[in-house]
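Visitor: Sequence:
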Amino acid sequence: MDSLPFSGSDELPNDIPAPDNPIPYTLVNSQPLDQRFLAPYVPMNPTVVEEAIRFANVDENDVLCDLGCGDGRVLVKGLEMIANLKCVGIELDPYLIEHMEKEHKQWIESQQLQIVSEDFMKLDLEKYGPTVMVLYLLPEALMKLRTKLQEWIHFKPNRRIVVVTFSIDGWHCIRGKQVVPTTKQFGAGSHGVGHWLFYYDASSIQPSQI
Numbered sequence: 237m238d239s240l241p242f243s244g245s246d247e248l249p250n251d252i253p254a255p256d257n258p259i260p261y262t263l264v265n266s267q268p269l270d271q272r273f274l275a276p277y278v279p280m281n282p283t284v285v286e287e288a289i290r291f292a293n294v295d296e297n298d299v300l301c302d303l304g305c306g307d308g309r310v311l312v313k314g315l316e317m318i319a320n321l322k323c324v325g326i327e328l329d330p331y332l333i334e335h336m337e338k339e340h341k342q343w344i345e346s347q348q349l350q351i352v353s354e355d356f357m358k359l360d361l362e363k364y365g366p367t368v369m370v371l372y373l374l375p376e377a378l379m380k381l382r383t384k385l386q387e388w389i390h391f392k393p394n395r396r397i398v399v400v401t402f403s404i405d406g407w408h409c410i411r412g413k414q415v416v417p418t419t420k421q422f423g424a425g426s427h428g429v430g431h432w433l434f435y436y437d438a439s440s441i442q443p444s445q446i
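For the sequence shown, counting from 1, position 87 maps to 323 in the working numbering; every step adds exactly one.
Treat the hints with caution; some may be incorrect.
Simulated pairs of lysine-lysine, PhoX-like, Cα-Cα distance not exceeding 25 Å [unchecked claim]:
no., residue 1, residue 2
1, 392, 380
2, 363, 341
3, 363, 380
4, 313, 338
5, 413, 313
6, 358, 380
Derived Cβ-Cβ restraints for the label pairs, each shown as a range [stated by the list, open to error]:
no., residue 1, residue 2, range
7, 319, 394, 13 to 23 Å
8, 334, 390, 34 to 44 Å
9, 363, 330, 33 to 43 Å
10, 363, 272, 15 to 25 Å
11, 334, 355, 17 to 27 Å
12, 271, 342, 31 to 41 Å
13, 363, 393, 34 to 44 Å
Treat the hints as calculated values from the structure; they're not laboratory data. Idealized CB from N, CA, C, for every residue including glycine.
Construct the complete structure from the given sequences, taking the supplied hints into account.
Guide: Okay, structure coming up:
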């Protein structure tokens, strides 16, 4: 663990990818975080994933988006839970993209899942039509994204964001929920360790911030 460039961070969960990780190597976890990679690959516990999707009130009319989608587990779980849902994942790591293209081929071919290899700091979100986001990013990344997210959430009505573990500084959380996984499973969120979910919509932002 000491060899990981971000292993000393106090902001990270303790159970970063275990030896049974089906993706043994990622570019993002092999180098210090920088302007290109703003967050490490730390998979969410499946229980947290499901609760985050429910908490976001995702339905078949939505386009679910994950910025820095990792192995795509949030998006694929959404597709499994909600018929006719469409999802878009933004990811730069070529090893994670390769994994998703192999493991989630059927969803990609059905055109319900789109994987985009772009820097989400420079991304034109409207090009992909997301209506709801589930994000699992470090506070620094959320701060850098805040202006872009603010513009996106105000552009059309009924847009919302659920953030896992870390809140968006300066935004008013409409509601929150703590999720405690009941089983030990691969990914962030150990058995008995709670993760907070933070729900935001356009009313989360004060008029003076717009």
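Visitor: Decide, hint by hint, whether the structure agrees.
Guide: Right, here's what the structure says about each hint:
1. 392 x 380: Cα-Cα ~21 Å, so holds.
2. 363 x 341: holds (22 Å)
3. 363 x 380: holds (20 Å)
4. 313 x 338: Roughly 16 Å between the alpha carbons, so the hint for residue 313 and residue 338 holds.
5. 413 x 313: The hint holds at about 19 Å.
6. 358 x 380: holds (11 Å)
7. 319 x 394: 13 to 23 Å: holds (20 Å)
8. 334 x 390: 34 to 44 Å: Given range 34 to 44 Å: holds, Cβ gap about 36 Å.
9. 363 x 330: 33 to 43 Å: violated (21 Å)
10. 363 x 272: 15 to 25 Å: holds (20 Å)
11. 334 x 355: 17 to 27 Å: holds (18 Å)
12. 271 x 342: 31 to 41 Å: holds (35 Å)
13. 363 x 393: 34 to 44 Å: violated (19 Å)
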